[in-house]
Amino acid sequence: MKLLRIFLFIIIVFNTSQAFSDENSDKLKNKISKNIRCLICQGQSIYDSQSDFAISMKLVIEKKLNQGFSENEIYEFLKNKYGQWIIYDPEFNKKTFILWILPILLFLLGGAIIYRKLNVQK
Amino acid sequence: MLANQIGQYSLILGLFFSILIIPVSIKNFNKNDQIIDSRIISISFLQFFLVLVSFCGLILSFINSDFSNQTVYNNSHTTKPLFYKISGTWGNHEGSLLLWLLVLTLFIFLFLIKSSKQPKKYRILTLIFQQIIIIGFFLFILITSNPFNYLFPVPNEGLGLNPILQDPALAIHPPILYLGYVGSSIILSSSLAATVQKYISKDWAKHIKIWILVSWIFLTLGIMLGSIWAYYELGWGGFWFWDPVENVSLMPWLCLTALLHCILVLEKKLLLTSWVIILSIATFTLSMSGTFLVRSGILNSIHTFANDPGRGIFILVFLFILIFISLVIFFSFHKKNHSKNIKIYWLSKESSILINNWFMMYFLSVILIGTVYPIFLEVLSSEKISVGPPFYNKLIIPFLIIFLIFMSVGPNLNWIKSEFKKIDNKNIIIFIISLVISFLIIIQSDSKSLINTILISSAFYLFFVTVKDFFSKKYKNYSQKISHLGFSLLILSILLNNFFSSEIITNLKVGEKFSFQENHITFESIENKESKNYKSIIGHFRIEDKKGSLIKLKPELRIYDYPFTITSEADIKTTIYSDKFLVMNLVKGNEYFNIRYQLKPFMIWIWISTLIIVIGGIFSLFNKTYEK
Amino acid sequence: MKNKIFLISLLLFFSFCFVVLFKGLNNSNVYVPKKTTEKTLVNFVAKDFFTEKEIYFDEIFIDSEFYILNIWSSWCLPCRKEHPKLMQLSKNKSLKLIGLNYRDNKKNAKKFINKFGNPYSSILSDRDGTIAIEWGAYGVPETTIIDRNKKILKKFIGPLDDKSIKEINLIIK
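Chains A, Z and V, in that order, are what the protein sequence lines are.
Going by numbering that gives the first Met the number 0, the first residue of the first sequence is number 0, and it counts up by one from there.
Going by numbering that gives the first Met the number 0, the first residue of the second sequence is number 0, and it counts up by one from there.
Going by numbering that gives the first Met the number 0, the first residue of the third sequence is number 0, and it counts up by one from there.
Mixed in with the good hints, there may be bad ones.
Covered stretches of chain A, as calculated for chain V (at least 3 residues, CB under 8 Å) [what the hints assert, rightly or not]:
{"#": "1", "segment": "47 to 54"}
{"#": "2", "segment": "103 to 110"}
List of simulated lysine-lysine pairs, BS3-like, C-alpha gap at most 27 Å [stated by the list, open to error]:
{"#": "3", "chain 1": "Z", "residue 1": "Lys393", "chain 2": "A", "residue 2": "Lys30"}
{"#": "4", "chain 1": "A", "residue 1": "Lys28", "chain 2": "Z", "residue 2": "Lys546"}
{"#": "5", "chain 1": "A", "residue 1": "Lys62", "chain 2": "V", "residue 2": "Lys105"}
Listing some non-contacts, in silico: residues in chain Z with all C-beta distances to chain V over 10 Å [unchecked claim]:
{"#": "6", "residue": "Leu109"}
{"#": "7", "residue": "Leu212"}
{"#": "8", "residue": "Trp239"}
{"#": "9", "residue": "Phe291"}
{"#": "10", "residue": "Ser295"}
{"#": "11", "residue": "Ile312"}
{"#": "12", "residue": "Ile341"}
{"#": "13", "residue": "Glu377"}
{"#": "14", "residue": "Leu495"}
{"#": "15", "residue": "Lys534"}
{"#": "16", "residue": "Lys551"}
{"#": "17", "residue": "Leu556"}
{"#": "18", "residue": "Leu585"}
Simulated from the structure, these hints should not be mistaken for lab results.
Backbone N, C-alpha and C define an ideal beta-carbon position, used for all residues, glycine too.
Using the sequences and the hints given, assemble the complete structure.
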């Protein structure tokens with residue numbers, strides 16, 4: 000039980016701490032670039048790719064950041080043009096909640112199976 | 000040419016013998032003695048030998064640049080250096096399948112000769128199950144992926160191999176990886192056979208452990224080589240991208256590691272029998288699914304070449320036949336021993352192994368779901384999404400922390416029952432030291448966050464605990480200590496590397512210089528060079544680092560002729576503390592070059608720690624039983 | 000009994016996976032966005048190729064029924080192949096061709112136009128490729144056909160072939 004509480008604490012901290020970690024705009028640009036797929040490459044982010052598409056995209060991101068777009072606004076902008084496929088981080092929505100929840104469910108299922116096998120009495 | 004003909008006919012003859020061995024084995028199976036027909040062993044050797052001859056025939060065709068062979072034509076070129084002509088044999092679809100077949104036939108032969116003390120019927124059944132897989136692959140190769148297709152008229156020159164694949168690490172990566180990947184086939188076959196024969200027992204566990212270890216060792220090495228290749232060759236400075244091809248090799252590894260831990264339990268007492276069978280089936284099934292996912296073209300990006308759908312369908316059907324057979328056998332033949340409902344004490348080594356498996360299966364499910372979910376979503380709703388590193392990081396890291404903590408406690412518990420002692424003073428001291436070090440480190444790094452602090456504290460804690468255990472005289476089990484030490488060092492190196500890597504991207508002309516983190520980099524000159532099958536533009540850079548020492552880095556741009564590609568070769572200076580990584584790219588229509596300079600601390604420790612993990616496994620091979 | 004149910008449900012589950020993967024195999028083709036997620040072209044600002052003056056989105060899309068936006072470069076070989084087709088299209092009065100010169104050197108681009116002809120009523124300059132991204136393009140060559148309300152009717156990724164020309168002709172009727 001105590002372990003469960005520690006565990007939940009970790010998960011909450013993890014997700015909230017993400018919000019406070021990027022102050023530097025260069026770092027933000029890199030963070031965004033790592034999350035965008037290079038659409039003409041085979042499985043590279045635009046951060047890693049040197050293709051025309053990637054280079055132009057990095058410039059667009061820089062421009063948008065300078066114009067005051069937030070990280071999420073940039074993702075929305077790109078999703079409108081290219082579809083969800085261009086973003087590496089799958090959102091949590093109706094279509095993807097199974098993706099996020101299923102591993103956790105399996106984990107809990109595994110825990111239940113193990114609990115039944117254990118003898119918890121001294 | 001002759002090599003081609005020999006290759007082709009050996010393969011067909013091999014198929015003939017692979018089918019012939021079945022009636023011979025069945026006849027021997029039905030005889031009620033314990034003597035295996037020596038003809039069976041001879042035929043299995045013959046089968047392996049014929050595949051070997053075929054494989055050598057293909058290698059010869061590559062060496063001779065025999066372009067009457069379609070595979071050689073598609074993947075080779077007369078100007079390729081000899082070493083890469085040879086490694087080009089398995090660097091393509093058809094050749095790599097022949098390598099699969101080679102390992103499959105080799106392993107069953109080795110199994111037969113090394114299992115002479117095992118019950119005959121079990122050995123024969125293992126053979127039969129393995130033969131099903133082997134025949135499947137023979138048919139797959141001969142029908143859809145024949146490496147000996149004839150081309151007429153014979154072209155003068157080949158289409159060349161992708162230059163990115165002309166690298167020493169990548170040359171040996173497939174054979175090593177396959178020994179692990181494909182080697183797990185024997186685990187599947189033997190566990191199915193043992194299930195049918197009701198031979199899942201301590202003796203069986205002792206016997207199969209060696210095969211699990213061998214497969215695991217090669218798989219670990221194979222994955223490591225793939226990452227090393229990606230780091231040194233692909234020019235991005237990363238070594239793991241959660242790319243489908245990488246995920247597909249990691250999944251069987253997780254299964255195999257979990258299985259290895261379970262077999263240690265089964266060796267001592269009759270526990271976890273069902274789970275061991277399931278894991279054995281799952282490992283090779285994952286290997287085959289992996290092959291399906293990356294060769295069938297189902298995982299796609301915008302500019303892939305069309306893959307033959309026929310091949311994909313064949314593997315898919317084959318894979319599911321295997322799954323169905325395994326399921327039916329498991330449910331029909333495996334009877335759990337319900338009378339002795341042994342419960343495992345919560346604080347014991349057995350329970351730690353259960354918890355280890357629990358987490359391994361969780362990580363496996365994250366990777367599996369992340370990799371195949373886009374396929375399912377697209378088929379069911381026509382929507383295309385990407386699942387990339389952010390997904391894997393978010394789901395894995397919190398659980399990794401807890402896993403690390405468990406790992407510092409679990410391995411030291413006793414079998415059956417451990418007393419809940421009051422917490423050792425030493426452990427408290429280690430805990431505090433870990434926290435302090437982590438705090439100091441995080442302050443210095445760019446990734447300041449609470450979660451990172453907790454993560455790296457757990458990694459340090461585990462590391463210190465494994466070091467302490469290494470020097471403690473209490474337990475004699477060196478292989479476990481070495482591998483666990485290696486693992487904790489691996490996690491620590493990856494984290495530290497992640498937190499402290501830095502880079503700068505800038506455009507430079509010859510003669511210009513820039514500074515980064517007290518490193519002064521001067522772009523001295525450009526050199527043009529011609530090599531056997533490419534022209535190169537080499538940039539000479541002089542780097543003066545913090546301590547004042549000078550190094551020279553020479554990243555290269557290579558322009559290959561066939562096929563016309565431009566690749567960028569990074570130059571990396573590796574030292575025990577850190578790697579300096581420099582890669583250069585053209586900027587269109589300019590005399591400027593785009594330079595990416597990275598500082599990557601502790602890089603070499605990632606490889607060293609993986610090797611330590613493997614060494615632990617090798618130690619175990621020479622150790623008769625775990626903890627005598 | 001419980002075992003049998005378990006076995007059957009597992010077999011059903013795997014059969015389902017098999018069917019999905021089987022279908023997935025047949026689906027795997029080059030990714031072309033079937034539904035263009037963006038229905039209308041957004042506002043953008045670009046420099047005119049010849050005059051180097053800034054042109055606004057609205058200034059271009061006037062006085063024609065249909066517009067063809069074509070992304071091209073002098074260094075792009077397939078662009079050369081599709082060029083005659085563009086020249087042919089430019090003869091059509093109801094169409095206005097607008098070119099976007101992508102990541103190109105002005106001298107080379109001018110040479111290209113002088114040598115092969117200019118089918119465009121106006122050419123925009125996209126030195127760094129960012130306008131192409133605003134258009135939601137993947138690379139070069141790429142052609143999009145738009146109506147006078149700036150609604151995107153069809154997108155062609157890669158060089159135009161006879162089939163695409165037929166489609167364009169159907170659309171503009």
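Hints, verified against the model:
1. 47 to 54: holds (count 3)
2. 103 to 110: It is violated, with 0 qualifying residues against the three required.
3. Z:Lys393 / A:Lys30: holds, 15 Å
4. A:Lys28 / Z:Lys546: violated, 31 Å
5. A:Lys62 / V:Lys105: Within the cut-off at roughly 23 Å; holds.
6. Leu109: Given a closest Cβ separation of 31 Å, the condition holds.
7. Leu212: holds, 30 Å
8. Trp239: holds, 25 Å
9. Phe291: violated, 8 Å
10. Ser295: Check fails; 6 Å does not lie beyond 10 Å.
11. Ile312: Per Cβ check, isoleucine 312 of chain Z is inside 10 Å of chain V; nearest 6 Å; violated.
12. Ile341: Since the minimum Cβ distance to chain V is about 20 Å, isoleucine 341 of chain Z lies beyond 10 Å and the statement holds.
13. Glu377: Glutamate 377 of chain Z not clear of chain V: closest Cβ-Cβ about 6 Å, inside 10 Å.
14. Leu495: It holds; leucine 495 of chain Z is separated from chain V by about 37 Å at its closest Cβ, greater than 10 Å.
15. Lys534: holds, 19 Å
16. Lys551: holds, 33 Å
17. Leu556: holds, 18 Å
18. Leu585: Its Cβ never comes within 10 Å of chain V, the nearest being 13 Å, so this holds.
Of the hints listed earlier, those the structure fails to meet are numbers 2, 4, 9, 10, 11 and 13, in rising order.
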